[in-house]
Structures are given as C-alpha cells and as structure tokens.
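J.: Sequence:
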Amino acid sequence: MNHRNTRDFLLPGPGTRDPLRDEIDRNYHADEAAAVGALLAAARLDSDAAERVERLAQSLVTAVRVRKDEQGLLDAFMQEYDLSSEEGVILMCLAEALLRIPDDDTAEKLIADKLGDADWESHLGKSSSLLVNASTWGLMLTGKLVAISESRQFSLKTALKRLVNRSGEPMVRTAIRQAMRIMGHQYVMGRTIDEAMDRAQQKKNRIYRHSFDMLGEAALTAEDSDRYMESYRSAIEAIGSREDPEDIFAASSISVKLSALHPRFEIGQGERVRRELTPRLHELATLAMANGMALTVDTEEADRLMLTLDVFADVLRKPDLAGWNGLGLALQTYQKRAPAVIDLLAALSRETSQRIPLRLVKGAYWDAEIKHAQVEGYAGYPVFTRKASTDLSFIACARQVLALRQAFYPQFATHNAHTIAVVTELAGDRLDYEFQRLHGMGEDLYGVVMKGNGFRQACRVYAPVGSHEDLLPYLVRRLLENGSNTSFVNRIVDERLPVEKVAEDPIAKVAATTPAAHPAIPLPRDLYGADRVNSRGVNLHNETEAAELADRMQSFATTRWDVEPLLARKLRPEGGETKENGNPGDLSDLIGQVRQIGPEELEDAIADACAFAVEWDRVGGAGRAAILERAADLMEENFPEFMALLARESGKTAHDAVSEIREAVDFLRYYSMQARSHWAEPRLMPGPTGELNQLSLHGRGVFACISPWNFPLAIFTGQVSAALAAGNAVLAKPADQTPAVAALAVRLMHEAGVPRAA
Numbered sequence: 144m145n146h147r148n149t150r151d152f153l154l155p156g157p158g159t160r161d162p163l164r165d166e167i168d169r170n171y172h173a174d175e176a177a178a179v180g181a182l183l184a185a186a187r188l189d190s191d192a193a194e195r196v197e198r199l200a201q202s203l204v205t206a207v208r209v210r211k212d213e214q215g216l217l218d219a220f221m222q223e224y225d226l227s228s229e230e231g232v233i234l235m236c237l238a239e240a241l242l243r244i245p246d247d248d249t250a251e252k253l254i255a256d257k258l259g260d261a262d263w264e265s266h267l268g269k270s271s272s273l274l275v276n277a278s279t280w281g282l283m284l285t286g287k288l289v290a291i292s293e294s295r296q297f298s299l300k301t302a303l304k305r306l307v308n309r310s311g312e313p314m315v316r317t318a319i320r321q322a323m324r325i326m327g328h329q330y331v332m333g334r335t336i337d338e339a340m341d342r343a344q345q346k347k348n349r350i351y352r353h354s355f356d357m358l359g360e361a362a363l364t365a366e367d368s369d370r371y372m373e374s375y376r377s378a379i380e381a382i383g384s385r386e387d388p389e390d391i392f393a394a395s396s397i398s399v400k401l402s403a404l405h406p407r408f409e410i411g412q413g414e415r416v417r418r419e420l421t422p423r424l425h426e427l428a429t430l431a432m433a434n435g436m437a438l439t440v441d442t443e444e445a446d447r448l449m450l451t452l453d454v455f456a457d458v459l460r461k462p463d464l465a466g467w468n469g470l471g472l473a474l475q476t477y478q479k480r481a482p483a484v485i486d487l488l489a490a491l492s493r494e495t496s497q498r499i500p501l502r503l504v505k506g507a508y509w510d511a512e513i514k515h516a517q518v519e520g521y522a523g524y525p526v527f528t529r530k531a532s533t534d535l536s537f538i539a540c541a542r543q544v545l546a547l548r549q550a551f552y553p554q555f556a557t558h559n560a561h562t563i564a565v566v567t568e569l570a571g572d573r574l575d576y577e578f579q580r581l582h583g584m585g586e587d588l589y590g591v592v593m594k595g596n597g598f599r600q601a602c603r604v605y606a607p608v609g610s611h612e613d614l615l616p617y618l619v620r621r622l623l624e625n626g627s628n629t630s631f632v633n634r635i636v637d638e639r640l641p642v643e644k645v646a647e648d649p650i651a652k653v654a655a656t657t658p659a660a661h662p663a664i665p666l667p668r669d670l671y672g673a674d675r676v677n678s679r680g681v682n683l684h685n686e687t688e689a690a691e692l693a694d695r696m697q698s699f700a701t702t703r704w705d706v707e708p709l710l711a712r713k714l715r716p717e718g719g720e721t722k723e724n725g726n727p728g729d730l731s732d733l734i735g736q737v738r739q740i741g742p743e744e745l746e747d748a749i750a751d752a753c754a755f756a757v758e759w760d761r762v763g764g765a766g767r768a769a770i771l772e773r774a775a776d777l778m779e780e781n782f783p784e785f786m787a788l789l790a791r792e793s794g795k796t797a798h799d800a801v802s803e804i805r806e807a808v809d810f811l812r813y814y815s816m817q818a819r820s821h822w823a824e825p826r827l828m829p830g831p832t833g834e835l836n837q838l839s840l841h842g843r844g845v846f847a848c849i850s851p852w853n854f855p856l857a858i859f860t861g862q863v864s865a866a867l868a869a870g871n872a873v874l875a876k877p878a879d880q881t882p883a884v885a886a887l888a889v890r891l892m893h894e895a896g897v898p899r900a901a
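In this note's numbering, the protein residues as written are 144 to 901.
Everything labelled a hint here was simulated from the structure, so no lab data went into it.
Computed from a prediction, not measured in an experiment: that's the story for all the values here.
Keeping only pairs whose Cα atoms sit at most 16 Å apart, straight-line, the calculated EDC-like set for lysine to aspartate or glutamate is:
id: 1; residue 1: 530; residue 2: 647
id: 2; residue 1: 713; residue 2: 746
id: 3; residue 1: 514; residue 2: 444
id: 4; residue 1: 713; residue 2: 751
id: 5; residue 1: 876; residue 2: 746
id: 6; residue 1: 876; residue 2: 747
id: 7; residue 1: 347; residue 2: 586
id: 8; residue 1: 722; residue 2: 879
id: 9; residue 1: 722; residue 2: 732
id: 10; residue 1: 514; residue 2: 669
id: 11; residue 1: 514; residue 2: 446
id: 12; residue 1: 713; residue 2: 743
id: 13; residue 1: 652; residue 2: 197
id: 14; residue 1: 644; residue 2: 194
Pair ranges (Cβ atoms, derived):
id: 15; residue 1: 673; residue 2: 350; range: 55 to 63 Å
id: 16; residue 1: 463; residue 2: 575; range: 24 to 32 Å
id: 17; residue 1: 337; residue 2: 673; range: 54 to 62 Å
id: 18; residue 1: 720; residue 2: 851; range: 17 to 25 Å
No residue lacks a Cβ here, since even glycine has one placed at the ideal position from N, Cα and C.
Can you build the whole structure from these sequences, using the hints too?
T.: Below, the structure is given as structure tokens:
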C-alpha cells in the first residue's frame, strides 16, 4: 500500500469522475422499492396501448401453442427418448456428465459403470423429486430441463434396467454419445465458424440475421487470451469473406467477451486492463469495420460493468473509427443501473457522433449476482429480486432507448411474447431496430413473429460457435434459464397455464405486488435472519463507495500506532524491550513502536486472569453476548482504521483487508449467538423420580490464544471471542509481525465492555 495515498490503494487507475458515472454508482445497490417506483413511472402505458399489447401478446402465445403440435423433436433420438421420460433423463444426465470428461477411456468407464450393477440408490436421496435426485448426482442441469411428476416414485436403477433390456447396452452407449451431440446441436450453431455459417445459410435460418460468438469463458492466462484473440480474428475474417452487405445492421456480426481477451479483467487491475486490452478490442473493431460488419461487446458480471464501459469508450473514441456505427454493447436490464448506463452511452454517442448498436438483454447471471452480493455483504443487490421487475425494467429501458433515436440502433433480445408486443407498440411504424434470440431458444415464438402477424422487424440469432470442450459453462446458463419455472420459454408451452397468465402484463403485476423486493430473498445484511446480523462489506467495484472509504482511510495514512501490553494493572517500569514496527511493503513507513511484556508483567497477567475467570463466567451468556455484539459494531465503525492498519502492518490488499475485517466481525457475532443459545439459561433435563435436573455450561478458566501473522485480525478475534463467549478469561498473544492490529481489536473489546482482567 502507498500509505500516503489511500486512493491509489483502493482506486487503481485515473478514476475520472463525472455526474453520469456517479449516477450509475448511486444505483448499484439501489433500494428496490424506489427503483421499481421509478421504472413504473417510466414504463406505464395508457389503457388503449396496454389493451393492444395484451391482445398481441396473447395471440402470439396461442399461435405458438398451435404450432407446438406440429413440431417434432430435435431428431430420432428425441423421439425415441423423450426428455420428459425417465429413460431420457438418465441418458441426458449421463451425456451431461460426459461433457466433463476429457478422454475416451475414462468416458467409457463411466458409461460401463453407470450402466452396470452399481447400486444407484446409494447415490440418491429419498425424495421422489427427480430434480432432487439428479442434483444428488451433481447433474442438476438436466434435472431442471425436465418435469416429472413428483408424486411418482422414481428409481434410476429400475428405469435404467428397463432401458437396457429394451435396447441393449451397446445401443444405450451409442444413444448417450448421440445425446451429447444433440445437446451441442441444440445450443451451439457449429463447431467452427465455417460450420456455423453453413448452418446459418440453411433455408430455415435464412430469415434471420446472426451474431456469432466464439464459445469460451474468462481467460485465466495470457495464453488463453491469445487463443481467444486469434479465434475472434479468424471468425471476423471468415464472416467477411462470405458476406458483402450494403447495410452494416443487416450483416452478420460478432460478439466479443472482454474477459476472454485479458486474464485480469477486474477493477483492481483497471489501469493495466485499459492499457493492454483497449488495443486488442481496437484491433478487432478495426478488422470488423474493414469487413463491413458490427462488433458487439458482450455483457458480463455486474462487477465488470464499469471497466467494460471504460474500455468500450476508449475504443469508440479512436479517430480511425470515426463515422463507423458498428461498435455495439450489450446491457443487462436486470441491473438497477441500466437506465443510468443508457444515459452515459447516449452522452458518449453525442460526443463521438456515432450511433451505438445497443443490445438490451434481461441477464443470464442472476443466481450468481444474488449469491455474490450475499457472500460479500453488500448493502443491497445489483439486480432485481423479482422476475416481473426485470421485465418491467426491460420495458422502461426499451422506451428510453427508442426515444434516443440518433444515439442507438436498438436490439431487443427477448423470448417473451409480452415484451415483443410492448416493443412493437412503443416503436410504432419504426423499422430501425431488431429483435434477438438465442440459438436453440425461442424458435417457436419467433417462428410466429417472422412469418406473419403483421411483423416487419428483423430478428438476429445469437449463435455460439465451439466444440464440446467449450460447451459446458454456456450450457449451464442456457439450461438453467430454459428450465427455470419463471422462464417464459418454459411457460409458453405449458398448457396447464392459461394464455392470459403466460402473457401477463409485468407493469400491472409489479404495480400490484408488495413488497417490491422478494420476501424470500433478504438483504445481505439480514441473511442470517434473527440469529445474527451479517457483517457489512464494501463494494470495491463501486467507484463512489471505494472513494468514500479511501477518503476515510486517508486520516490514518500517516498515523502512528504505539503498542504496549493491555493489562488489568499498571505496567511495571522494568518491563520488556521496545522495538520499532514498520510497513513490510514500504520500509520508510514507521507504523509505531511496540513495547514487549516483561516476565513479571506476564505473571501479573496470568494471576489477574485466573482470579477474574469466575467473575467473567458469572456475567452469563446473555451478558457476554451483548458485549461481543457491541465489539462487532465497534469494529465496523472503525472499518477505515482497520483497513489502513491491515494494509500498512501486514501488507494486505484492499480486497483481503475487507474480507479480514468482515471475518473478525462474523466471529464476534457468531460466538455471541452461541453464548446466548448455550450459556444464557440452564437446560432442563429429565427428572424421572421427581427431582429437578438442570444442565448449565460454564467456562473452564483461562485460555491462551496465540495467533498467526497471515490473519492478524480474523484468527486473533476468532480465538479470543470463542473463549470469551464460553465464559473464559483470555491471555492473547498476537504474532510478532502484527501487534498493532491485535492491539486495536483488544482496545475495542475493552470499550465494548470486556473487563481488562478478562
């Protein structure tokens, strides 16, 4: 850490601020009720428009259901082994498992094992739900793809034997291999860009435009990023060699994932990423422009949004791209920041005089975003917790984008009939926009849209390209999306649901729903319910939040922490030696002096702790719990000082320092909960002859807690708080390298009410 400038520590890079960026940050974890209220005002339709939308949406759903009976399964395999059958489930589960196995020999062994006499039930729970049983296998993906009545008992072993007896083991092995190809065929356009383009030129696909995406997840090494870069180059050149369109928006395009082009695509490496990644994206954009096609930067996790916008803006401003309207961006409308991002992009469009192709999507990382916010202890969620609110946000953003005609070429990626109907209503007679769908999803719906019903809009297919080895992560997202019980793709063909329900207006639904946030998804702070409060985190990807913390840390950038033993009685003049305590990362930074404990003082401390242990035990579990909870609150109140001290004394990075403080706070609250639960009141035991029997827990006396240097706050606090909660007095010795961190923690415990003798 540069101890003199905490902004460098928390905000790598130039950190340029402007009101539009500040507005994006303000909405990162916006209150859901407030965000939904603003969206309702922005999205609301008049009664006539709402009625037209409802009629069109219902007609689309009805038409899809009529066509459903005409559609065969993907091929003979799907006809033979329907995915709604038990046999189909087994085959697709095994096929999904085989995608994880890199060599044929191991794959054959897996098939032989699972088709043999193994006791399948030993791997399964007792639930009758296929989803639960498939999850036990670690094969939840396929379990979510199907729906088998939970009222039926399901035996994988019995069903498998029935399948083998009917078809023979060799045929089943062949079927499993075929299932793998079908999974790839269903969700991937082709193994290579040439194969994908050949398939795009098939008669049934010619009505669509295509945006090709080279499958692959975030690069982990420079070699990974080089490989992805070359695959993008090759794809752009291959597409350009086979097309010569007059209209860039009508041409095939390429979608690029920035995390595939740099192994450290994260805000903490922001300056380096902009320096190294911008030339790469610029090269691809220049190549796309030369080949007459557009390039869209794909959207990723919420914590990468601002860095994505920075790199995108850096490239859009390049002089050699002036006048080219082909550099586009995807935007997730399940993020509460989406309207503010549109405002920033509109300003960028005005600055560069370029029209930006803007792909509105609802978002594919919802589960991960919710979980990440909970794990990190954020103030709120970056995404909406109700599906209908995401649909509402899409509508509001669609209206906003359509109103900015000079700034954007709108691209609406949706598989929802009501959303299509709303966009059609909002756009009126305009044709300068397009719909988009994923390859393998929404085919029946867009089959209706593209073949009549008065629609004249183009539709583009997002077409992944790659081999089986690259398929699995993408397949996970698609199957989870397809199998979700809130997925429109799932609901539109479920004839148990009335058409009116499937085509329900999300604007009206959200307006009638209270509370705005989903009650089953508590805020991260309330994750543990009534048991304890979750530790408060800091979102270092939110520039405003990070800057506020940096400003509060600045006052501790040159602070000296002089440390001495914290005992119940006055220190002896002839105590231990004093030594200097420095910053391991900056030898010029003297943190303070450390006065060691002397032998006689140590004996005093032991004697005082032994004498006071019984008194501390008498405080009781509830009393000790209240003190530890107060200590946790004080630790959070002193967050900036701990951040600065952890960085200067132990060399912690910003993220590690945040995690360290949170872990210490969690320890205090967890052991407080345990003290209240187990030490507060005696437990009544059976008294078979009428006597009163009670069990009460008590401290054992004095505990010595010795902590390491690598977790100077978390492990130190964890040991001490556990012993204190159980009613013991504590003698705590921190690591020689990190005494100041421990001393600050102990001072706060004393302030909270822990007696110095304890």
